[in-house]
Amino acid sequence: MAIRPSPSRLEGGSTVAPRRISARTRNEWFTAYGFLLPNIIGLFVFVFLPILYAFYASLHDWNALSPKVFAGLDNYRKLLHDDEWWSSLKITLLFSVVYVPLLYFLSLLSALLMNALRGWTTGLTRTLFLLPFAITSVISAIIGMFMLDPRNGIINSLLGLAGIGPQQFLGSTSQAMYSVIGVILWINVGYNMIIFLSAIKEIPRDYYEAASMDGATGWKSFRYLTLPLLSETSTFILIVTTIGSFQALDQILVMTQGGPANSTEVSVLYIYKQGFQFLNMGYASSLAIALFVIIFCLSLFQLKLFSRKQG
Amino acid sequence: MKKAWRGLGFAAIALTLVLQMACGSSNSNGGGNAAGESAQASSENGGKKVKLKFWDFHTEKEEQFFRDLVDEYNKSQNEVEIEYSTYDQTNYTSTKLPTGFASGDGPDIYMISPGDFMKFANSGLMADLTPYFPEGAKEDFLPASLDAVTVDGKILALPYELELLGLYYNEDMLKNAGVEVPKTWDELYDAAKKLTTNKVAGLVLPPDKGAYFNFVWYPFLWQQGGNVLSEDGTKSTFNTPEAAKALDFWGSFFRDGLSPTKLQQGPTEIDNLGSQGAAMQVAGTWAITRAEEVFGDVPINVAPLPIPEGGKAATDAGGWKFAVNGKSEHVEEAAKFVMWAFADDPARALKWCTEIKFAYSPRQSVVEQGEAIYNKGMRKVFTEEIYDSAIPEPRYPSEVLDVVGEAIQNVMFGKYDGAQAVQEADGKINEALQAASN
Chain A
1 MAIRPSPSRL
11 EGGSTVAPRR
21 ISARTRNEWF
31 TAYGFLLPNI
41 IGLFVFVFLP
51 ILYAFYASLH
61 DWNALSPKVF
71 AGLDNYRKLL
81 HDDEWWSSLK
91 ITLLFSVVYV
101 PLLYFLSLLS
111 ALLMNALRGW
121 TTGLTRTLFL
131 LPFAITSVIS
141 AIIGMFMLDP
151 RNGIINSLLG
161 LAGIGPQQFL
171 GSTSQAMYSV
181 IGVILWINVG
191 YNMIIFLSAI
201 KEIPRDYYEA
211 ASMDGATGWK
221 SFRYLTLPLL
231 SETSTFILIV
241 TTIGSFQALD
251 QILVMTQGGP
261 ANSTEVSVLY
271 IYKQGFQFLN
281 MGYASSLAIA
291 LFVIIFCLSL
301 FQLKLFSRKQ
311 G
Chain B
1 MKKAWRGLGF
11 AAIALTLVLQ
21 MACGSSNSNG
31 GGNAAGESAQ
41 ASSENGGKKV
51 KLKFWDFHTE
61 KEEQFFRDLV
71 DEYNKSQNEV
81 EIEYSTYDQT
91 NYTSTKLPTG
101 FASGDGPDIY
111 MISPGDFMKF
121 ANSGLMADLT
131 PYFPEGAKED
141 FLPASLDAVT
151 VDGKILALPY
161 ELELLGLYYN
171 EDMLKNAGVE
181 VPKTWDELYD
191 AAKKLTTNKV
201 AGLVLPPDKG
211 AYFNFVWYPF
221 LWQQGGNVLS
231 EDGTKSTFNT
241 PEAAKALDFW
251 GSFFRDGLSP
261 TKLQQGPTEI
271 DNLGSQGAAM
281 QVAGTWAITR
291 AEEVFGDVPI
301 NVAPLPIPEG
311 GKAATDAGGW
321 KFAVNGKSEH
331 VEEAAKFVMW
341 AFADDPARAL
351 KWCTEIKFAY
361 SPRQSVVEQG
371 EAIYNKGMRK
381 VFTEEIYDSA
391 IPEPRYPSEV
401 LDVVGEAIQN
411 VMFGKYDGAQ
421 AVQEADGKIN
431 EALQAASN
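If you're matching them up, the sequences are chains A and B in order.
Sequential numbering of the first sequence, starting at 1, is according to the UniProt record's numbering.
Sequential numbering of the second sequence, starting at 1, is according to the UniProt record's numbering.
Because the hints were derived from the structure by calculation, they are not lab data.
Just so you know, not all the hints are guaranteed correct.
Quick list of simulated restraints, FRET-style, between CB atoms [unchecked claim]: (1) Gly-225/B <-> Ile-142/A: 35 to 43 Å; (2) Gly-225/B <-> Leu-159/A: 55 to 63 Å; (3) His-81/A <-> Thr-234/B: 43 to 51 Å; (4) Asp-388/B <-> Leu-298/A: 34 to 42 Å; (5) Asp-88/B <-> Phe-48/A: 51 to 59 Å.
Just a sample of chain B residues kept apart from chain A, beta carbon distances all over 10 Å, derived [to be verified]: (6) Asp-71; (7) Thr-184; (8) Gly-310; (9) Gln-369; (10) Met-412.
Just so you know, even glycine gets a beta-carbon here, dropped at the ideal spot from N, CA and C.
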């Protein structure tokens with residue numbers, strides 16, 4: 001069902017008299033663009049042009065060392081029948097479906113708990129949560145690897161205390177993906193928690209006082225007050241995290257390089273392999289474009305879904 | 001949000017690289033000329049020096065060796081000036097070289113690994129070095145080492161080191177467990193089984209896919225007379241009982257928990273033995289220096305790779321090669337430097353192979369001159385018992401490398417047994433060969 005703007009809203013929009021733009025407004029406009037221009041140029045040169053170029057390259061057979069040979073849609077036809085590509089998409093999807101909700105709930109939960117903390121320990125706890133994120137992601141991933149080491153890792157020692165035998169984690173085809181997800185969660189929860197926390201702090205106290213007078217406390221005040229007021233933040237986090245989950249590369253590259261037996265080979269990693277290991281730049285570009293289209297559609301869909309909910 | 005920016009940042013960088021390639025290849029038609037052009041401009045200008053770019057990936061001691069080498073050459077004559085740059089190894093192979101060549105800003109002299117060899121050769125980025133060998137130098141090289149770099153009768157690169165694989169082990173751990181140094185596959189498996197404890201891995205093999213992974217696996221195939229490709233390199237010969245057996249044998253160490261599926265130290269590092277976290281490890285000649293200098297108190301020794309019943313000894317001889325950009329304007333000058341460095345006076349090659357690192361020189365005269373060093377400690381084992389069984393690392397395209405790596409992993413992680421894995425990989429190798437030749 002399409003939501004149409006009501007006539008009154010339309011009228012409201014069009015009845016605003018066209019104002020004369022004052023010299024001051026125009027000045028501000030120039031200043032703003034003056035400051036934005038370097039960034040816009042940067043975006044154009046370093047982001048938009050390369051995207052266009054990647055599309056151009058995707059229509060060619062090109063190994064970066066020899067001249068390009070025009071190949072039409074061959075690369076796109078090839079990807080339709082490329083089993084490894086489809087399996088990499090499946091792995092990406094699995095990653096996304098497990099990672100995004102977990103990240104969302106864990107950061108929301110820790111933000112709520114953090115919000116309840118009082119006293120001098122608050123700052124310390126917050127820092128502890130943010131620390132894995134504050135370190136370079138590659139280093140965090142390496143620390144994660146150490147913790148997950150089957151022989152000397154702390155996780156297996158802890159499991160040992162609980163009477164559970166040592167696990168292979170990153171060295172097992174069935175556990176590697178979840179181990180990777182665990183480490184990336186550990187890295188990113190702190191940051192998203194801070195975003196939630198600042199949004200929670202923005203909610204005026206009186207709302208809760210009013211609600212408690214109406215008898216809504218605890219779960220109810222969270223369900224009917226906090227959650228709806230966090231919807232914009234939630235939308236932002238969900239969309240950005242979903243996009244991010246489709247682009248996850250650095251930590252996975254460090255921890256598993258897609259292994260063992262391709263069990264963590266996400267799409268971006270496969271694109272990297274085709275592009276920089278096999279030097280199939282044309283084909284890699286076509287895969288990148290395909291992934292771009294997928295992410296784009298998904299984000300549009302998410303945006304529609306959330307904005308309808310809010311509307 | 002940071003994550004999104006990070007993602008965007010990566011995309012932007014990757015795409016920028018692509019863009020740079022575009023600019024380069026459209027005006028230099030395939031790349032590699034710009035270096036030569038600029039150099040020529042200066043050489044036309046009344047006897048000025050020709051400038052040549054030389055790139056590689058060395059660090060520390062090894063980097064210093066090449067810096068000194070370049071300085072010495074620059075001082076020894078006044079026609080050519082070489083500019084040396086070094087990058088970290090991953091960047092060097094995956095981005096620096098391809099983007100450099102594609103943007104027409106590539107080096108005149110560079111180093112190449114067997115895995116990238118054919119791609120660069122087919123793109124005309126490796127000049128024929130045959131005419132530049134000094135008198136009698138070719139005969140000094142081991143024939144097999146030159147065969148490994150010869151395409152259509154042309155020698156496209158200069159081998160300057162041979163790194164051989166052996167079985168390193170901790171003498172005390174073997175003695176305490178009552179285990180003899182294994183000579184056969186069965187003995188190797190039994191030894192690993194007896195030596196494996198909660199804290200000690202029986203045998204360290206590389207677990208992660210990549211060129212080194214295959215490099216260590218090939219000898220197990222060769223020892224039975226098998227091979228990945230036919231002699232002429234055009235067809236898969238992978239679907240054989242030999243390959244299946246090699247896969248099953250290798251896989252059994254991982255499936256039975258005798259070899260870790262994830263390593264904390266790199267698979268090439270002798271630190272696995274040095275830290276006493278493992279009892280045996282397959283590693284190369286490069287490990288000797290570190291074993292002696294850093295882990296002198298750990299009783300590390302080395303033996304030839306065990307062989308299967310009825311098999312013959314075989315080990316892999318790896319090592320990088322010197323290449324000259326075939327699209328450079330100054331192939332001759334560049335080739336002269338390469339020959340000066342490693343095909344002329346044996347002193348330089350000897351210094352590299354014995355003082356800077358430990359490796360074999362592919363030149364007989366060098367090995368003879370360094371006899372004293374080649375017979376010191378563990379080196380003697382390599383010299384007397386391993387050297388003769390060396391087979392140069394094959395120069396398969398990276399697509400083929402990937403399929404073989406996948407087959408090994410499929411068996412290691414129990415997806416297939418050896419026979420199923422070779423059957424599945426056979427067709428894929430032929431497809432990969434086709435894809436790589438396009």
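Exercise. Hint by hint, which ones does the structure fall short of?
Worked result: 2, 3, 4, 5, 10
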